[in-house]
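Residue strings, one per chain:
Protein chains: 2
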Amino acid sequence: MAAHSKHIYEKVALIGIGLIGSSISHAARRAGIVGTITGSARTPATLETAKRLKLVDAAYPTAAEAARDADLVILCVPVGACGSVAEEIAPVLKPGAVVTDVGSVKGCIVRDCGPYIPSGVHFIPGHPIAGTEHSGPESGFAELFDNRWCILTPPDGTVPSEVAKLKSFWQALGSNVEVMPADHHDLVLAITSHVPHLIAYNIVNTAAHLERVTDSEVIKFSAGGFRDFTRIAASDPTMWRDVFLNNKEAVLEMLGRFTEDLIHLQRAIRFGEGETLFKMFTDARAIRRGIIQAGQDTAAPNFGRDGKPGKG
Amino acid sequence: MAAHSKHIYEKVALIGIGLIGSSISHAARRAGIVGTITGSARTPATLETAKRLKLVDAAYPTAAEAARDADLVILCVPVGACGSVAEEIAPVLKPGAVVTDVGSVKGCIVRDCGPYIPSGVHFIPGHPIAGTEHSGPESGFAELFDNRWCILTPPDGTVPSEVAKLKSFWQALGSNVEVMPADHHDLVLAITSHVPHLIAYNIVNTAAHLERVTDSEVIKFSAGGFRDFTRIAASDPTMWRDVFLNNKEAVLEMLGRFTEDLIHLQRAIRFGEGETLFKMFTDARAIRRGIIQAGQDTAAPNFGRDGKPGKG
Chain X
1 MAAHSKHIYE
11 KVALIGIGLI
21 GSSISHAARR
31 AGIVGTITGS
41 ARTPATLETA
51 KRLKLVDAAY
61 PTAAEAARDA
71 DLVILCVPVG
81 ACGSVAEEIA
91 PVLKPGAVVT
101 DVGSVKGCIV
111 RDCGPYIPSG
121 VHFIPGHPIA
131 GTEHSGPESG
141 FAELFDNRWC
151 ILTPPDGTVP
161 SEVAKLKSFW
171 QALGSNVEVM
181 PADHHDLVLA
191 ITSHVPHLIA
201 YNIVNTAAHL
211 ERVTDSEVIK
221 FSAGGFRDFT
231 RIAASDPTMW
241 RDVFLNNKEA
251 VLEMLGRFTE
261 DLIHLQRAIR
271 FGEGETLFKM
281 FTDARAIRRG
291 IIQAGQDTAA
301 PNFGRDGKPG
311 KG
Chain A
1 MAAHSKHIYE
11 KVALIGIGLI
21 GSSISHAARR
31 AGIVGTITGS
41 ARTPATLETA
51 KRLKLVDAAY
61 PTAAEAARDA
71 DLVILCVPVG
81 ACGSVAEEIA
91 PVLKPGAVVT
101 DVGSVKGCIV
111 RDCGPYIPSG
121 VHFIPGHPIA
131 GTEHSGPESG
141 FAELFDNRWC
151 ILTPPDGTVP
161 SEVAKLKSFW
171 QALGSNVEVM
181 PADHHDLVLA
191 ITSHVPHLIA
201 YNIVNTAAHL
211 ERVTDSEVIK
221 FSAGGFRDFT
231 RIAASDPTMW
241 RDVFLNNKEA
251 VLEMLGRFTE
261 DLIHLQRAIR
271 FGEGETLFKM
281 FTDARAIRRG
291 IIQAGQDTAA
301 PNFGRDGKPG
311 KG
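Chains as they are written, first to last, in our numbering: chain X, 1 to 312; chain A, 1 to 312.
FYI, nobody ran anything at the bench for these hints, they're computed from the structure.
Model, not experiment: these values are computed from the prediction.
Restraint ranges, calculated between C-beta atoms of paired labels, are given here:
| no. | chain 1 | residue 1 | chain 2 | residue 2 | range |
| --- | --- | --- | --- | --- | --- |
| 1 | A | N147 | X | P160 | 51 to 61 Å |
| 2 | X | K94 | A | G274 | 27 to 37 Å |
| 3 | A | G256 | X | D69 | 57 to 67 Å |
| 4 | X | E273 | A | T214 | 22 to 32 Å |
Think of the CB as a built atom: it goes at the ideal place given N, C-alpha and C, for glycine as much as any other residue.
Model the full structure from these sequences, guided by the hints.
Dropping the structure here:
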């Protein structure tokens, strides 16, 4: 197949075709920036769905078959599975190919995949900060990355032109791109994503195990705030287990800060310190304004769930 | 003015015209179930806006003026302000009138307002479990209560027909209605609303005071989960200060459970107990399914923020 002038990578391999893998396929096709897309999945059902939805031009049961001759290989599997995939595909990687991933932790990707990447292959870990609570190949859509950020964490010594090329790929998918060291990524994501997910999972489980409040009551009266947490707590359990097992240090550090602050608030409640509460609640509004101004959330009340558009 | 056959209450007084007060006006007008709506507000600006938006037929600077001769008086002010409003309006309440409120804590309403309610006036505290992160008279809309729950907590001895009448009023505004004791309400809401708000406020403040992660990074990379918490943390600070000062016991009890469970999770992370994490994350999905089946949230991914409809 002749290279199309708009193609950034001619042959792209998706190792794993869930929410993120399928969204990359949709967005890359929308942008017309790739030639062929191959894919592999762990289960025959996912592979069948990927074929039926035409997410891939060729579907294979193994990562090695999908990655053979690819110009860009994207690992779209839980971070705990990336190391063994890297080991499997190493022998078939084309010289000059780029290997990247979409995992929510980057230090462990460097640690687990790095040793397997052959000389002459470019290894540039990545993480699109985008997703939904739905999982699987049917949940992807082309707009998922639009105006979201994608972070690349190339190890020292990575060829700059290859980083620039992968950056242009993500920009064509709709993303803004930032480059930073893997360990800083893991610290930033611990507070903006990992700890929020952990406390969402936690309160849902606390609510489900009360003796004096029934599950039925929790469900009926969830519109006072709780329901928002359940959306986040509906995210893929395997992906999130792997995140916490592989970003332990940063998560424990941020969790320590969270708990310290919560105990401080709890004490203010116990002793009726209204001014402390009021000031903290007022301060919290500024960050929300910043997020809306930065285009990272909608200003519509209740995220627009009630069908009311935002004013700002 | 002659009573209209569809009117449940002929003259309704809104004491306070913020998000909830203005939404009651919109919803009551949509349903055609009230004759005249009077209103009072603490600030001239709110009163002016209420007049301009025709939320009220008559606007007064004091609660007593608005409540005079009303058939239904609805206190729509922060719970900490309800006692003094009850004291102020007591002398002008019409025999047979109903006094209710919309506060997120019910025990304190019974404690603070109850003693001022004159004999012959019906006192039925209430709480619509509905809202948005926006405040003020311009943020209300008629659909706010549709398919949400409203809890009524009539004290022992309340005339049943008056409870039934107020129930029909809330049903006409779009709500489902449940009746329960005030102390049970306060326990249920502690876990479904108060503690979720507290931990949302808390993580936003933790994130804002880190030394190694900038506010700019927190904002840019918020789409990984954090941004959802900032919506809840943008709610009205005065209202929430009053909630925590007035539902101390139940909030501290639920917060104790939350922290105990969080420490358990933290320990599982520290010791790499993947199975404990996986099981907890999987269990949390069931409650989400229950909430969607009960019509208390949308199934659309990301609350539909990306414009994608839910599959069911």
